[in-house]
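S.K.: The residues making up each chain are set out below.
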Amino acid sequence: MSTAQPYVDENGVDTQDERRITLECDGVRHVLDKVNRELVGLAPVKARIGQIAALLMVDRARRELGLTTEPPTLHMSFTGNPGTGKTTMALRMAEILHELSYVRSSHVISVTRDDLVGQYIGHTAPKTKEVIKRAMGGVLFIDEAYYLYRPENERDYGQEAIEILLQAMESDRDDLVVIVAGYKDRMERFFQSNPGLHSRIAHHLEFPNYSADELLTVGDLLLEEQGYHFTEAGRKAFADYLERRMQQPHFSNARSVRNALDRFRLRQAMRLVEQGGSLSAEELTAIDAQEVLASTVFSKESESLPHLPSR
Amino acid sequence: MRITQGQFSFLPPLTDDQIKTQVKWALDHGWAVSVEYTDDPHPRNTYWEMYGHPMFDLRDPAGVMQEIVECRQAFPTHYIRVMAFDSSKGWETPRMSFIVNRPDNEPGFRLERQAVEGRSLRYTMTSYAVDRPEGDRY
Ligand SMILES: Nc1ncnc2c1ncn2[C@@H]1O[C@H](COP(=O)(O)OP(=O)(O)O)[C@@H](O)[C@H]1O
Ligand SMILES: Nc1ncnc2c1ncn2[C@@H]1O[C@H](COP(=O)(O)OP(=O)(O)O)[C@@H](O)[C@H]1O
Ligand SMILES: [Mg+2]
Ligand SMILES: [Mg+2]
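Protein chains in written order, with full-length UniProt numbering: chain A, 1 to 311; chain B, 1 to 138.
Just so you know, the hints here were simulated from the structure itself, not pulled from any lab data. Since the structure is predicted, the reported quantities are computational estimates derived from the model, not experimental observations. The beta-carbon is built from N, C-alpha and C at its ideal position, and this holds for glycine as well. Where hints are given, some of them may not hold.
In silico negatives: residues of chain A with every beta carbon more than 10 Å from chain B [as the list claims (entries may be wrong)]:
#  : residue
1  : E24
2  : R104
3  : S105
4  : H107
5  : K133
6  : R134
7  : D172
8  : D175
9  : L176
10 : S199
11 : V297
Interface residues of chain B toward chain A, partial, derived using beta-carbon atoms under 7 Å [to be verified]:
#  : residue
12 : P54
13 : D57
14 : R59
15 : D60
16 : M125
17 : A129
Throw the hints in and build the complete structure from the sequences for me.
M.R.: Take a look at the structure:
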């Protein structure tokens with residue numbers, strides 16, 4: 001056998017191909033680090049995002065070596081309770097996909113049923129298509145996607161929107177990433193009635209509820225973003241607050257934390273105004289136990305501050 | 001006779017990639033892009049038919065390209081142009097306009113002379129295409 005002949009194994013791979021390539025991962029690592037730093041918990045979601053990032057990096061390297069590679073389809077579904085970070089993660093996902101050059105822009109068009117479904121015959125298709133056109137090149141985020149499907153009304157135009165979406169997810173997949181999001185159980189029923197949609201979504205990410213510790217860290221992070229911090233007693237009271245609040249109905253994870261912090265800031269401001277006099281920077285930025293303990297979850301304590309809007 | 005209207009009309013026809021780059025330029029400036037068509041090539045025919053709505057808030061040219069492709073399928077032998085409208089104060093006007101589709105055969109215009117009072121002449125231009133009814137012209 002002549003040495004000039006390439007060695008090709010039974011799979012058609014040139015075994016003597018000695019070209020090498022280094023995976024480019026600085027930019028991606030930067031974005032992933034940012035996600036790790038700024039989003040608390042969510043270990044399974046972060047793991048999956050790491051895998052997707054790895055796949056895209058390998059994909060890019062393969063393309064550079066001229067190996068056949070069809071870009072993977074990256075439509076996703078995010079399921080989880082309210083306030084578990086689905087919307088936040090969709091924004092981050094767009095940044096990651098943009099960093100990996102999978103999408104051309106990092107914009108996210110966030111829509112719900114009303115943005116897609118029309119009021120009368122012939123209204124839905126142009127409406128849905130317009131939204132798709134706006135999202136092209138980036139990410140289309142459909143929150144509470146199950147509202148698109150209303151089996152109780154067979155003339156509902158939601159089905160038409162779903163069909164147009166399905167078509168776009170298939171034929172425009174180079175131009176569009178679709179992320180659907182909502183409660184897990186409702187989403188599952190929605191997929192059961194729309195198997196076509198389910199089968200076009202390769203990545204189903206589940207967002208777990210946060211533990212009390214994670215919520216406490218979320219509280220620290222959110223306060224820091226706004227230029228506040230807990231005093232030691234304040235933080236302890238907040239941990240107590242979380243224990244109780246988590247047992248109550250309508251608890252929505254990190255969103256409840258955000259809302260609670262907004263109320264703490266109101267109370268802190270009121271306290272400082274009533275106190276009057278000159279204030280230090282420390283006083284202006286500290287959330288103390290009084291602010292937390294005034295909440296109705298500690299219903300007895302709340303009576304001590306009757307004129308505050310306590311909720 | 002090759003009609004020259006709008007931008008780039010003295011150049012060879014733009015490729016789809018070139019059209020995409022131009023549309024991207026318009027979108028990056030925040031202009032609303034729309035697709036229009038006509039089969040009346042007279043230069044004073046400024047109001048062409050709109051194909052779909054003007055596209056607001058697009059970030060990427062892919063959506064516009066899709067609209068152009070659809071319009072070409074619906075009107076393969078019409079003139080089709082892409083228009084970019086700037087709604088910002090002080091402009092409120094089209095900032096770009098260029099042809100992206102034209103008939104294979106453009107018969108051009110004839111000059112008509114009309115003799116009026118006092119042996120004066122009035123001149124007017126008529127395109128051969130408009131002798132036939134709308135929709136049957138090319
Ligand atoms: N893991 C997290 N770390 C920090 N903040 C979070 C996290 N998850 C959610 N948040 C905050 O909680 C709020 C609600 O999150 P969001 O993404 O809207 O939840 P969902 O869309 O699941 O209802 C946002 O303001 C976000 O900043
Ligand atoms: N007979 C087959 N051989 C190889 N790949 C197939 C075959 N049938 C389907 N596929 C793959 O499965 C996927 C789904 O097929 P598709 O034609 O979209 O299914 P349907 O339109 O029936 O839902 C495609 O990616 C296609 O490449
Ligand atoms: Mg949300
Ligand atoms: Mg099919």
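S.K.: A separate judgement is required for each hint: does it hold in the structure or not?
M.R.: Status of the hints after comparison with the structure:
no. : hint : result
1   : E24  : 23 Å, holds
2   : R104 : 6 Å, violated
3   : S105 : 5 Å, violated
4   : H107 : 5 Å, violated
5   : K133 : 3 Å, violated
6   : R134 : 5 Å, violated
7   : D172 : 7 Å, violated
8   : D175 : 4 Å, violated
9   : L176 : 8 Å, violated
10  : S199 : 24 Å, holds
11  : V297 : 42 Å, holds
12  : P54  : 11 Å, violated
13  : D57  : 5 Å, holds
14  : R59  : 5 Å, holds
15  : D60  : 2 Å, holds
16  : M125 : 38 Å, violated
17  : A129 : 31 Å, violated
Of the numbered hints stated above, those contradicted by the structure are hints 2, 3, 4, 5, 6, 7, 8, 9, 12, 16 and 17, listed in ascending order.
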